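Those sequence lines, one after another, are chains A and B.
In this text, residue positions in the first sequence follow the working numbering: the first is 821, and each later residue adds one.
In this text, residue positions in the second sequence follow the working numbering: the first is -10, and each later residue adds one.
Don't read these hints as lab results, they were simulated from the structure.
Just so you know, not all the hints are guaranteed correct.
[To be verified] A few chain B residues facing chain A, derived, Cβ under 8 Å:
#1 K(-8)
#2 L0
#3 Q23
#4 A68
#5 G97
[What the hints assert, rightly or not] Dumping the calculated BS3-like pairs for lysine-lysine here, alpha-carbon to alpha-carbon at most 25 Å:
#6 B:K83 / A:K877
#7 A:K829 / B:K83
#8 B:K48 / B:K96
#9 B:K96 / A:K877
#10 A:K877 / B:K48
Small disclaimer: the values here were computed from a predicted structure and weren't measured.
Glycine residues also receive a C-beta, built at the ideal position from the N, C-alpha and C atoms.
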Amino acid sequence: DSGVTQTPKHLITATGQRVTLRCSPRSGDLSVYWYQQSLDQGLQFLIQYYNGEERAKGNILERFSAQQFPDLHSELNLSSLELGDSALYFCASSPPGGQAYGYTFGSGTRLTVV
Amino acid sequence: SQKIEQNSEALNIQEGKTATLTCNYTNYSPAYLQWYRQDPGRGPVFLLLIRENEKEKRKERLKVTFDTTLKQSLFHITASQPADSATYLCAPGKGANQAGTALIFGKGTTLSVSS
Chain A
821 DSGVTQTPKH
831 LITATGQRVT
841 LRCSPRSGDL
851 SVYWYQQSLD
861 QGLQFLIQYY
871 NGEERAKGNI
881 LERFSAQQFP
891 DLHSELNLSS
901 LELGDSALYF
911 CASSPPGGQA
921 YGYTFGSGTR
931 LTVV
Chain B
-10 SQKIEQNSEA
0 LNIQEGKTAT
10 LTCNYTNYSP
20 AYLQWYRQDP
30 GRGPVFLLLI
40 RENEKEKRKE
50 RLKVTFDTTL
60 KQSLFHITAS
70 QPADSATYLC
80 APGKGANQAG
90 TALIFGKGTT
100 LSVSS
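With the hints as extra help, turn the sequences into a complete structure.
This is how it looks when you write it as structure tokens:
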């Protein structure tokens, strides 16, 4: 157990639907990062939150949104789903200091859009 | 734009040998460089971080070098074992005081160690 909890582990849904992925960071970590990993693709950075505020955006589609709550857990919302959104979605957290420390990743949510 | 290159082809070596993986970056001036291991279907696991003022860092059978002139990091696994088989990712990082940046990862090199 890495200390970063992601739920659900698996999700199967139809095109056009909306889903919410949840992440609880490791205790003491203030930053949460979301990454997408498609088959045979590298980790693509989506978005970062730090202590409740959005800090950085990567290649996140307009159909996707995220937020970080006061208890520091984060949710990634994916809407109007397309087949191409099928991927592993990882959440990671890090302590204050960001890239000076290693990230701790969760075990991911495998999303399948049918 | 910033670019990270890792050997796209899989690296196949025999047990006991040293595996050397390469990470090259362009249009970056990283203050740190991190290496991660990823097993199929699982989240990456942090292995090592090396700072720009460090030439080499070791952890057990792992050794990382960082050459800011060549814009390259080498990752070595000595006395490799079949359990070392995985994909290894590098991620150059900016300074801790540069808020609003997140790690961008290379696509990784898949290592296969045969017994």
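For each hint, the structure was consulted:
{"no.": "1", "hint": "K(-8)", "result": "violated, 12 Å"}
{"no.": "2", "hint": "L0", "result": "violated, 17 Å"}
{"no.": "3", "hint": "Q23", "result": "holds, 6 Å"}
{"no.": "4", "hint": "A68", "result": "violated, 24 Å"}
{"no.": "5", "hint": "G97", "result": "holds, 6 Å"}
{"no.": "6", "hint": "B:K83 / A:K877", "result": "holds, 16 Å"}
{"no.": "7", "hint": "A:K829 / B:K83", "result": "violated, 31 Å"}
{"no.": "8", "hint": "B:K48 / B:K96", "result": "holds, 23 Å"}
{"no.": "9", "hint": "B:K96 / A:K877", "result": "holds, 19 Å"}
{"no.": "10", "hint": "A:K877 / B:K48", "result": "violated, 33 Å"}
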